[in-house]
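Engineer: Chains as they are written, first to last, in the numbering used here: chain A, 1 to 403; chain B, 1 to 245; chain C, 1 to 405.
One should not assume that every hint holds.
With a straight-line Cα cutoff of 30 Å, these simulated DSSO-like cross-link-like pairs (lysine-lysine) come out [as the list claims (entries may be wrong)]:
id, chain 1, residue 1, chain 2, residue 2
1, B, 217, C, 242
2, B, 25, B, 41
3, A, 154, C, 66
4, A, 154, A, 113
5, A, 158, B, 215
6, A, 79, A, 340
7, A, 66, A, 303
8, A, 14, C, 396
9, A, 156, C, 242
10, A, 150, B, 161
11, B, 76, B, 242
12, A, 158, C, 235
13, B, 50, B, 217
Since the hints were derived computationally from the structure, they do not count as laboratory data.
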Amino acid sequence: MLTKIAWRNVWRHKARSGVVIGSIVVGIWALAFGGGFMQSFMIGYIQQSIRHETSNGQIHHPDFSKDQDITFTIHDVEKIVRYLKQQKEVKSICERSIVNGMISSSRQATGVKIVGVDPAEESEVTQLDSLIAAGEYFDHVLHPVLIGEKLAEKLKVKVKSKVVLTFQDAHGNIAAGQFRVAGILHAASLVINETSAFVEREHLNELLGIPEAVHEIAFTTNAGTDDKVFADQLTKAFPNEKTEYWGDLSPTLVFMQQWMGATLKILIVIIMTALAFGIINTMLMAVLERVRELGVLMALGMKRSRVFFMIMLETIFLSTVGGPLGLLVGYATISYLGDKGIDLSDYSKGLEAIGYENILYPRLGAQDYLQIVAGVLITALLASIYPAWKAIQYDPVEAIHSL
Amino acid sequence: MKKLFFLLITTSFSLHAQTAKDIIKKMDDKMQGNSNRSVMKMTVVRPDWKREVTMKGWSLGREFSLILITAPARDKGQVFLKRKTEMWNWQPSIDRVVKLPPSMMLQSWMGSDFTNDDLVKQSSIVEDYNHTLKGDTIIGGLNAYQIVMIPKPNAAVVWGKIVACVEKKEFNQLLVRYYDEEGALVNTLVMSDIRAIGGRVLPCKLEMFPHDNPKQKTVIEYMELEFDLNLKEDFFSMQNMKRVR
Amino acid sequence: MFFILAWRNIWRNKRRSLITILSITFAVLLACVMRSMQLGSYARMIENSVRFYTGYIQLHKNGYWKDKIIDNSFAYDSLLELKVKRLSGVTLVVPRLESFALTSFNSQTRGALVLGVDPESENELTHVKEKIIHGSFLAPTDDGILLAEGLAEYLKAEVGDTITLISQGYHGANAAGLFPVRGIVRFPLPAQNSQMIYMTLPKAQWFYAVPDLITSASLLIDNPDHTDGILLQLKKQIDSNKIEVMGWKELVPELLQSIELDNISGKVMLWVLYFVIGFGMFGTFLMMTAERRFEFGVMLAVGMQRARLQTLIVLEIFMMTVVGVLTGITIALPVLIYFHLHPIRYGEEAAKAIESFGVEAVYPFSLDTVVFTNQAYAIFIMAIVLSAYPLWTIYKMNVVESMRP
Chain A
1 MLTKIAWRNV
11 WRHKARSGVV
21 IGSIVVGIWA
31 LAFGGGFMQS
41 FMIGYIQQSI
51 RHETSNGQIH
61 HPDFSKDQDI
71 TFTIHDVEKI
81 VRYLKQQKEV
91 KSICERSIVN
101 GMISSSRQAT
111 GVKIVGVDPA
121 EESEVTQLDS
131 LIAAGEYFDH
141 VLHPVLIGEK
151 LAEKLKVKVK
161 SKVVLTFQDA
171 HGNIAAGQFR
181 VAGILHAASL
191 VINETSAFVE
201 REHLNELLGI
211 PEAVHEIAFT
221 TNAGTDDKVF
231 ADQLTKAFPN
241 EKTEYWGDLS
251 PTLVFMQQWM
261 GATLKILIVI
271 IMTALAFGII
281 NTMLMAVLER
291 VRELGVLMAL
301 GMKRSRVFFM
311 IMLETIFLST
321 VGGPLGLLVG
331 YATISYLGDK
341 GIDLSDYSKG
351 LEAIGYENIL
361 YPRLGAQDYL
371 QIVAGVLITA
381 LLASIYPAWK
391 AIQYDPVEAI
401 HSL
Chain B
1 MKKLFFLLIT
11 TSFSLHAQTA
21 KDIIKKMDDK
31 MQGNSNRSVM
41 KMTVVRPDWK
51 REVTMKGWSL
61 GREFSLILIT
71 APARDKGQVF
81 LKRKTEMWNW
91 QPSIDRVVKL
101 PPSMMLQSWM
111 GSDFTNDDLV
121 KQSSIVEDYN
131 HTLKGDTIIG
141 GLNAYQIVMI
151 PKPNAAVVWG
161 KIVACVEKKE
171 FNQLLVRYYD
181 EEGALVNTLV
191 MSDIRAIGGR
201 VLPCKLEMFP
211 HDNPKQKTVI
221 EYMELEFDLN
231 LKEDFFSMQN
241 MKRVR
Chain C
1 MFFILAWRNI
11 WRNKRRSLIT
21 ILSITFAVLL
31 ACVMRSMQLG
41 SYARMIENSV
51 RFYTGYIQLH
61 KNGYWKDKII
71 DNSFAYDSLL
81 ELKVKRLSGV
91 TLVVPRLESF
101 ALTSFNSQTR
111 GALVLGVDPE
121 SENELTHVKE
131 KIIHGSFLAP
141 TDDGILLAEG
151 LAEYLKAEVG
161 DTITLISQGY
171 HGANAAGLFP
181 VRGIVRFPLP
191 AQNSQMIYMT
201 LPKAQWFYAV
211 PDLITSASLL
221 IDNPDHTDGI
231 LLQLKKQIDS
241 NKIEVMGWKE
251 LVPELLQSIE
261 LDNISGKVML
271 WVLYFVIGFG
281 MFGTFLMMTA
291 ERRFEFGVML
301 AVGMQRARLQ
311 TLIVLEIFMM
321 TVVGVLTGIT
331 IALPVLIYFH
341 LHPIRYGEEA
351 AKAIESFGVE
361 AVYPFSLDTV
371 VFTNQAYAIF
381 IMAIVLSAYP
391 LWTIYKMNVV
401 ESMRP
């Protein structure tokens, strides 16, 4: 009986109900969009570094990070790589040899970190090939080297220019080799931009005099992997080597993640509050408008508690319409944008200049949707308690006479 | 700073030849010598300052050398030792021998008029280049061969081309121009003050001019030079670093 | 006449007007809170970076920033000092002599970044004293050094040990010396933690054979917003051929970029908030219109022109908006001041990660007037735009139908 009245009330005042439903839809949409956007933004920010620099995790000789001595190579590389390949978490793996030395052109010479990579593996793990701004990614010139724009500028070299790399080999001798700049990299990272030179690992190892040298194994993981947990698992499996996840490799990233995460939380709280006020205001208006009507009901003998319950029931009905509708709109928006991307190039020309993707692809998990919908519906219900309670405070007689 | 000395100790001295490669080889052999002892002065000239360093040097072939700084006061007594490709430094003020990592040797060379390739001398002017006799020229009234040297494809050399003018009679280098791969002049090395020293006729003054910075140069002058001394490998030891005077 | 009518209308239905005003008030309040937090966090990012190292403004010898070698150092003489210190807003000048050196202890050797500082003013800028984990801070005339933790670990050196530094000094002079370790400093940034060495400025000048010169003077100023103004004044007063004057935007361009980046997301979130707020306000306007259909119908029926009625309504909304916005700011101001003085702390996990960087783990709130003016303006415009709905309703209104109960 009460249900019926409530249901009818909902449909009798189309505009009023529309506004409440609208508030719920807007709330869910706003949170889905805002949350999805911020998450893609944050992830984009961190992912940028993970993708091109740290990868999801790295394995080294335990002493390598303290002292990048070329004799600190990883033992049992094959065993580790085989193990990694068997793990479902692992997406791609690459092996590198690393030596600090110097790079010189006919104009300048400077210190540099020389990284020997397998071009195919490397492009899978760090997408190094995507950073090429000029020239090619390890083309077929003899002994190609890739360097960053800043370094190229400093050395005054261009694509195809000759450079000489000099470093100490495994026997303590100074080794030098001629290389040709195959490509110039454009990266946000100062490390890539200014102090790295990428060469073919096989050739570097030849010069180093350690044919199978691997100083670093970097790997990427599939989405949803807890990289920290996975790194711990690897540490247990290979206690003689040191496995670190991106957070250990770059504490700054953890800092950024926490900073942005904390900010996101408070932004969501503010939006939720705005939403709650919107709903309270609308409900309050709706109830006040119905003071006379509710007065009549009470005068006819309807108990205050039932009137209160009726109003709450109306809200529930409105929510059951608004909730799915909002979910649909939010999901559609996120799916559409997740597919097509949000182009931010109009907002900041600087984005791409710093190597940040101009286009964001927001994504939300089922859990996020669930939380948003639940949050908004609870907000709506809570927000209707005050107006409903306010409504039943009226004296029926007074209520009927009020306009 | 440090590596410059090894270059200087072993630069430019002569004989007779016909093909371009022979000419360069003769010149190179002369500058490699076997052993020598020298006293020299280096002057670094910059637009707003100038610095003079005097030093004594000993060398044995290409692999061993020892340098003792004698002035200015602050640097006096400092010794550099090079054995093959390793390098040490001894400072009396701290009484310590420190092995210099390659990057450090480079750091201290930043801004010098001698490029890394000059200094490290990892490459051989004979083996790493293809030589062509371009013709004859006259420099400062002396007849000279003009020889163009193009680095071999795999040589660890930063230059695109080197043009050297070698005096015909004594096989001394008179002028060397260093070009990048696009043919732009980078550095010019001028050798002058040719006179008898240590029983040979040699240019005693070397000046390096970087083309991009016309207001700066580095000048080396030999005051004394002796050849074919009875130096042994053990002269170039860490113990001896603290003893040489 | 209209004003009085509109004013009366507002007070005739106090409750309804109050709700409308309240929705505007909260809109202003929330927008202010959000923007204040965003701007506060940028200010915090700048401050942190500046506190890590650079200062808001730096002076160097012209050309130093491009080629950071010790030869590019300059005399920070009394004349220059006078020029800088006379500028209002400059609270501190931190002189530094910075260069590289090879550090060596027993058999370990490694490159390091040497910073010659005036211990007191350096500490005022970067709070380096708080980062000491062993030993003590440098005394003003100390001949010892502070070692970064990672470097000390590598060298296996402890407080009390004497380490060797070798480098090339001014104009190629020899630089070598023995330095006792006074303290070990822990830096949150790995790059700093693995290579920093502090010594007093006179000692560094002695070591590098630099005659009373410094490589940089960092300025701390009372209000970061004045950076550009002070920069401009300095550039006017100082011979740019000799000294380069650079603000943090030039010194740490990455910071500016990441703030710009963050600001994009901040603006998007602000628009999401506007959307929610806007819809809330629209809801109240819509309800108000629905509620007053009868009233509007009567007024039109008794011969009031639609345009006049519309003007009346716009006036009402205008008045309510003004009241709402002003109330919003009046409430926002003490709220923001409170949060500015008593900031909210981050959650524990986040706080730990952030504090390990020497950054206070609180939400900073900005009290920049821009926060208030811009948000008040935005909400005001929004309210006026939304008033189009009742106007449109009146325009479309069928008088007879509207008067049906």
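Engineer: Checking each numbered hint in turn, tell me which of them this model violates, lowest number first.
Structural biologist: Structure breaks hints 6, 7, 12.
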